[in-house]
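Line by line, the protein sequences give chains C and F.
All residue numbers for the first sequence refer to my numbering, where the first residue is 1 and numbers rise by one.
All residue numbers for the second sequence refer to my numbering, where the first residue is 1 and numbers rise by one.
For the record, the hints were derived by calculation from the structure and aren't laboratory data.
Careful, some of the hints might be misleading.
One copy or any two copies: either way a pair holds, since identical chains are not told apart in the list.
[Claimed, not checked] In the DSS-like style, the derived pairs of lysine-lysine whose C-alpha atoms are separated by at most 25 Å in a straight line are:
{"#": "1", "residue 1": "LYS215", "residue 2": "LYS44"}
{"#": "2", "residue 1": "LYS62", "residue 2": "LYS240"}
{"#": "3", "residue 1": "LYS221", "residue 2": "LYS62"}
{"#": "4", "residue 1": "LYS149", "residue 2": "LYS70"}
{"#": "5", "residue 1": "LYS215", "residue 2": "LYS162"}
{"#": "6", "residue 1": "LYS115", "residue 2": "LYS162"}
{"#": "7", "residue 1": "LYS149", "residue 2": "LYS62"}
{"#": "8", "residue 1": "LYS221", "residue 2": "LYS33"}
{"#": "9", "residue 1": "LYS44", "residue 2": "LYS115"}
{"#": "10", "residue 1": "LYS115", "residue 2": "LYS197"}
{"#": "11", "residue 1": "LYS215", "residue 2": "LYS197"}
{"#": "12", "residue 1": "LYS115", "residue 2": "LYS221"}
{"#": "13", "residue 1": "LYS115", "residue 2": "LYS215"}
Since the structure is predicted, the reported quantities are computational estimates derived from the model, not experimental observations.
Number of protein chains: 2
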Amino acid sequence: MCELLAMSANVPTDIVFSFTGLMQRGGNTGPHKDGWGVTFYEGKGCRSFKDPMPSAQSPIAKLVTEYPIKSESVICHIRQANSGAVCLENTHPFTRQMWGRNWTYAHNGQLAGYKDALPVSVHIPVGSTDSEHAFCYLLDQLHFEFGSKQPSSETLYKFIAKVSSTINELGVFNLILSDGDYLFAYCSNNLHWITRKAPFGEAKLIDAEVEVDFKQETTDKDIVTVIATQPLTNNESWHKMTSREWQLFKLGESALSGSEACAGSPNDTAEI
Amino acid sequence: MCELLAMSANVPTDIVFSFTGLMQRGGNTGPHKDGWGVTFYEGKGCRSFKDPMPSAQSPIAKLVTEYPIKSESVICHIRQANSGAVCLENTHPFTRQMWGRNWTYAHNGQLAGYKDALPVSVHIPVGSTDSEHAFCYLLDQLHFEFGSKQPSSETLYKFIAKVSSTINELGVFNLILSDGDYLFAYCSNNLHWITRKAPFGEAKLIDAEVEVDFKQETTDKDIVTVIATQPLTNNESWHKMTSREWQLFKLGESALSGSEACAGSPNDTAEI
Numbered sequence: 001m002c003e004l005l006a007m008s009a010n011v012p013t014d015i016v017f018s019f020t021g022l023m024q025r026g027g028n029t030g031p032h033k034d035g036w037g038v039t040f041y042e043g044k045g046c047r048s049f050k051d052p053m054p055s056a057q058s059p060i061a062k063l064v065t066e067y068p069i070k071s072e073s074v075i076c077h078i079r080q081a082n083s084g085a086v087c088l089e090n091t092h093p094f095t096r097q098m099w100g101r102n103w104t105y106a107h108n109g110q111l112a113g114y115k116d117a118l119p120v121s122v123h124i125p126v127g128s129t130d131s132e133h134a135f136c137y138l139l140d141q142l143h144f145e146f147g148s149k150q151p152s153s154e155t156l157y158k159f160i161a162k163v164s165s166t167i168n169e170l171g172v173f174n175l176i177l178s179d180g181d182y183l184f185a186y187c188s189n190n191l192h193w194i195t196r197k198a199p200f201g202e203a204k205l206i207d208a209e210v211e212v213d214f215k216q217e218t219t220d221k222d223i224v225t226v227i228a229t230q231p232l233t234n235n236e237s238w239h240k241m242t243s244r245e246w247q248l249f250k251l252g253e254s255a256l257s258g259s260e261a262c263a264g265s266p267n268d269t270a271e272i
Numbered sequence: 001m002c003e004l005l006a007m008s009a010n011v012p013t014d015i016v017f018s019f020t021g022l023m024q025r026g027g028n029t030g031p032h033k034d035g036w037g038v039t040f041y042e043g044k045g046c047r048s049f050k051d052p053m054p055s056a057q058s059p060i061a062k063l064v065t066e067y068p069i070k071s072e073s074v075i076c077h078i079r080q081a082n083s084g085a086v087c088l089e090n091t092h093p094f095t096r097q098m099w100g101r102n103w104t105y106a107h108n109g110q111l112a113g114y115k116d117a118l119p120v121s122v123h124i125p126v127g128s129t130d131s132e133h134a135f136c137y138l139l140d141q142l143h144f145e146f147g148s149k150q151p152s153s154e155t156l157y158k159f160i161a162k163v164s165s166t167i168n169e170l171g172v173f174n175l176i177l178s179d180g181d182y183l184f185a186y187c188s189n190n191l192h193w194i195t196r197k198a199p200f201g202e203a204k205l206i207d208a209e210v211e212v213d214f215k216q217e218t219t220d221k222d223i224v225t226v227i228a229t230q231p232l233t234n235n236e237s238w239h240k241m242t243s244r245e246w247q248l249f250k251l252g253e254s255a256l257s258g259s260e261a262c263a264g265s266p267n268d269t270a271e272i
């Protein structure tokens, strides 16, 4: 299994605090020693830092914690390999282009029989993970359903949630996906999220001796949502997502959510 | 205008020496202050470091020079913007996937009337540069010509050279392209290359007070080709490419070359 971390914010925000906690789980407080990666969006552009080395010992991870890159959307992943060798092409997040946007994807879980159950023809994996294969399948489905024109966000993310549930039938599929504007999370079994906004308080990392007083780091208008496999702090209240629940965030706030277990139910909430 | 740097080698080799020289041209000895990027291949995987900041002042560029990443194929670019704002999505190199490979592309030059002359329909640019647009056009042409099956390397790169000449009609199109195995260079007006192999000698950078004795850094079996807009050393003999000439390298050695100015002429040399 792996660990996921993602952020959506209404102002460019650095993720150093959460990243510092997560990186400790890569070979130090956690067993996720088979590489790590993080993708930062700045507008429509994004840049990734990746390393097949354990994050707790990676000089590139050190750079990311020391050089705070401010972003409105971030996806981060640390890996404990269960499908595919430990090498760069198997290191998350994966980024591909569609409809003139960069789409970034990271997966936690494991899928059985995915090669037969999830055929791909247009988007072909580079590496050998179930994760990248499922990403290519998802992009193929979007291509076949919507062609060259990106649909409305509501239509798009409801369709992505439906495809996620199809993939989830094959095992465990906790998914984070972003195009820089929206941040989408699909929960198979383990995902938690928290929205921080005024009045801000203090937070204390579980995995490192680090505390932060967000009051000192923010303005009253800042809204920041963080999603993680497991809560990263022990003095805040995180929302635990239920199985087959999905959440869509934009600029730090919930934009739409639902549950594929009860499709079309009143679980579909806020409008985009 | 911008500056290009690329490397093809038969053993994983670090590019720190050449990169150190090039980075000085990004805001220090040269005017290329509008960002920089470098992509390293490790097998089929690749990772990029990018920054819209001038390379001479970039902490990420500093990391790349201090943390030698060994690679068999590298593409690097420093930018002096002439088309498209200075922002991350306009920062080279650009990487996209086709046929289960990562394709990385960087361009030096400027193209006029490219939106009309180079229509795109499948691969849509994320940013607003002529460079990324031309990359999308090239990928579209590959998609239309070869569909879902990658052709032989000889067929593929001769076709890429032909498309490059079409694009070159619109202005200046010095191109570097790689899938990790092959490194392709098309010269519009400014590209130089050098192959270093035993017996290795000393080299002295033009842009920084750095000398290296490659004898100390290599084995007798190492073969490394470096391509750059302008020679980076002043005590070695670089090959200057002619207009419309192209070169294909694999594992540090010339694999195929030709000139679109005299297509099918005896300029087509070594077989792949």
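A quick look at each hint next to the structure:
Proximity of LYS215 to LYS44 under the C-alpha cut-off of 25 Å is found in neither arrangement, the shortest distances being 29 Å within a copy and 45 Å between copies. With identical chains, the CA atoms of LYS62 and LYS240 are never at most 25 Å apart, being 30 Å at best within one copy and 40 Å at best between copies. Neither within a single protomer nor between protomers do LYS221 and LYS62 lie at most 25 Å apart by alpha-carbon distance, with minima of 30 Å and 35 Å respectively. With identical chains, the CA atoms of LYS149 and LYS70 are never at most 25 Å apart, being 30 Å at best within one copy and 40 Å at best between copies.
Taking the closest pair of Cα atoms, LYS215 and LYS162 never come within 25 Å of each other, the shortest separation being 39 Å inside a single copy and 59 Å across copies. Taking the shortest Cα distances, LYS115 and LYS162 sit within 25 Å of each other inside one copy (19 Å), while across copies they are farther apart (36 Å). With identical chains, the CA atoms of LYS149 and LYS62 are never at most 25 Å apart, being 40 Å at best within one copy and 41 Å at best between copies. Within a single copy, LYS221 and LYS33 get their C-alpha atoms no closer than 37 Å, and across copies no closer than 34 Å, so neither meets the 25 Å cut-off.
For the identical chains of this complex, LYS44 and LYS115 are inter-copy neighbours only, at 20 Å across copies versus 32 Å inside a copy, given an alpha-carbon limit of 25 Å. Taking CA atoms no more than 25 Å apart as the test, LYS115 paired with LYS197 passes in neither setting, with 43 Å inside one copy and 44 Å between copies. In this homomeric assembly, LYS215 and LYS197 come within 25 Å of each other (Cα to Cα) only inside a single copy, at 10 Å, whereas the closest approach across copies is 59 Å. Taking the shortest alpha-carbon separations for LYS115 and LYS221, neither the intra-copy value of 46 Å nor the inter-copy value of 40 Å comes in at or below 25 Å.
For a Cα distance limit of 25 Å, the shortest separation of LYS115 from LYS215 qualifies neither inside one copy, at 49 Å, nor across copies, at 48 Å.
Violated hints, in rising order: 1, 2, 3, 4, 5, 7, 8, 10, 12 and 13; the structure is consistent with all others.
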